[in-house]
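Respectively, the protein sequence lines represent chains A, B, C, D, E and F. According to my numbering, the residues represented by the first sequence are 6 to 73, in order. According to my numbering, the residues represented by the second sequence are 6 to 73, in order. According to my numbering, the residues represented by the third sequence are 6 to 73, in order. According to my numbering, the residues represented by the fourth sequence are 6 to 73, in order. According to my numbering, the residues represented by the fifth sequence are 6 to 73, in order. According to my numbering, the residues represented by the sixth sequence are 6 to 73, in order.
It should be emphasised that the hints constitute simulated quantities derived from the structure, not laboratory data. Cβ atoms here follow ideal geometry from the backbone N, Cα and C, with glycine treated the same way. Do not rely on the hints blindly, as some may be mistaken.
Said to hold, decoys possible - Far from chain A, by Cβ distances over 12 angstroms, these chain B residues were calculated:
1) Asn17
2) Ala25
3) Pro42
4) Thr73
What the hints assert, rightly or not - Selected chain B positions facing chain A (Cβ under 8 angstroms, derived; list incomplete):
5) Asn10
6) Lys12
7) Val52
8) Asp55
9) Asn56
10) Trp57
11) Gly58
12) Ile59
13) Gly60
14) Phe61
There are 6 protein chains.
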Amino acid sequence: MPYVNIKVTDENVTKEQKQALIQGTTQLLVDVLNKNPATTFVVIDEVNTDNWGIGFDQVTTLRQLAHT
Amino acid sequence: MPYVNIKVTDENVTKEQKQALIQGTTQLLVDVLNKNPATTFVVIDEVNTDNWGIGFDQVTTLRQLAHT
Amino acid sequence: MPYVNIKVTDENVTKEQKQALIQGTTQLLVDVLNKNPATTFVVIDEVNTDNWGIGFDQVTTLRQLAHT
Amino acid sequence: MPYVNIKVTDENVTKEQKQALIQGTTQLLVDVLNKNPATTFVVIDEVNTDNWGIGFDQVTTLRQLAHT
Amino acid sequence: MPYVNIKVTDENVTKEQKQALIQGTTQLLVDVLNKNPATTFVVIDEVNTDNWGIGFDQVTTLRQLAHT
Amino acid sequence: MPYVNIKVTDENVTKEQKQALIQGTTQLLVDVLNKNPATTFVVIDEVNTDNWGIGFDQVTTLRQLAHT
Chain A
6 MPYVNIKVTD
16 ENVTKEQKQA
26 LIQGTTQLLV
36 DVLNKNPATT
46 FVVIDEVNTD
56 NWGIGFDQVT
66 TLRQLAHT
Chain B
6 MPYVNIKVTD
16 ENVTKEQKQA
26 LIQGTTQLLV
36 DVLNKNPATT
46 FVVIDEVNTD
56 NWGIGFDQVT
66 TLRQLAHT
Chain C
6 MPYVNIKVTD
16 ENVTKEQKQA
26 LIQGTTQLLV
36 DVLNKNPATT
46 FVVIDEVNTD
56 NWGIGFDQVT
66 TLRQLAHT
Chain D
6 MPYVNIKVTD
16 ENVTKEQKQA
26 LIQGTTQLLV
36 DVLNKNPATT
46 FVVIDEVNTD
56 NWGIGFDQVT
66 TLRQLAHT
Chain E
6 MPYVNIKVTD
16 ENVTKEQKQA
26 LIQGTTQLLV
36 DVLNKNPATT
46 FVVIDEVNTD
56 NWGIGFDQVT
66 TLRQLAHT
Chain F
6 MPYVNIKVTD
16 ENVTKEQKQA
26 LIQGTTQLLV
36 DVLNKNPATT
46 FVVIDEVNTD
56 NWGIGFDQVT
66 TLRQLAHT
């Protein structure tokens, strides 16, 4: 029954990493709450770095600052 | 006042199907809860099949298995 | 696979109305997108009228104005 | 058309503060994107501090540490 | 701690407008609830106008009607 | 930067289980995507079993059937 939504910035998350997130999250819900994997959804949203703000700034800006 | 979010995998949902989902959902809220269509939002999110997991697997994998 | 989230104000939605919303939404996804009901989630969130704003106002205020 | 969802911990947010959040958010969308307030939704979710984690910890724990 | 999700239709929102939405929302949460900007997330989702329905219609249709 | 939302039915999830979900999810994002725990949010929503539908039925009904 669980529905898990993982929002991350779209910074080249690979297919294998997505599989690892799905696997790990589903296993966690089995281990902690004994949920049925067959009815456990994990949905990953990848958000453009212009569209994610933290501390007043867009992540795009924060990344640029981090590389200067 | 209702806000409905429909998340489905991005497997070629047509414009007409989206209209049918919007129409049907709005009508349901009118029929069941007597809501005002003019302030009823229906938002459809289409999710990449790599990004949707069920039963430990990405839907991409499940689709491939279903076609082998 | 679909996940549907229905947000409405918490204005005495009955158990039967919730069942009707779940039934109707699931049937719609079967009819329009041929989805499998066994893996179709419908989650209803009921939101306090103080916590829902439209046109600058809380729904609580709008309801009071409507009854004066 | 905008839908804004504000999630905060349920730490005694007053009705007036909720009105201020609704008012300010709606005005921001008018000012920045020229959106119509009559079809701008702002929904505030208040989350129990046991249910919100940051840096491995529940906010309940972080609050207790902050007061020791 | 706040997490704010702003959903708007994908009608050419510029990078500067996104920055203004992030800035304004974060400042609002500082002013109203004294929240820490460093742990305030603002995430903007841009939704295709075929995927957003209001009053039974897709926004794409509403926009076309408005221009006829 | 990640924001993770875990929705489960409100069937007596304990404080310790919530901590385990927060801990496990945060660690997963560190391990898989090398994310910073200090800016990783995990929010758990507990949904009434009348409000969660799967396969046309409310979970309340499914639970009753399972116990008959």
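Verification of the hints:
| no. | hint | result |
| --- | --- | --- |
| 1 | Asn17 | holds, 19 angstroms |
| 2 | Ala25 | holds, 23 angstroms |
| 3 | Pro42 | holds, 27 angstroms |
| 4 | Thr73 | holds, 18 angstroms |
| 5 | Asn10 | violated, 11 angstroms |
| 6 | Lys12 | holds, 6 angstroms |
| 7 | Val52 | holds, 6 angstroms |
| 8 | Asp55 | holds, 5 angstroms |
| 9 | Asn56 | holds, 4 angstroms |
| 10 | Trp57 | holds, 5 angstroms |
| 11 | Gly58 | holds, 3 angstroms |
| 12 | Ile59 | holds, 6 angstroms |
| 13 | Gly60 | holds, 5 angstroms |
| 14 | Phe61 | holds, 5 angstroms |
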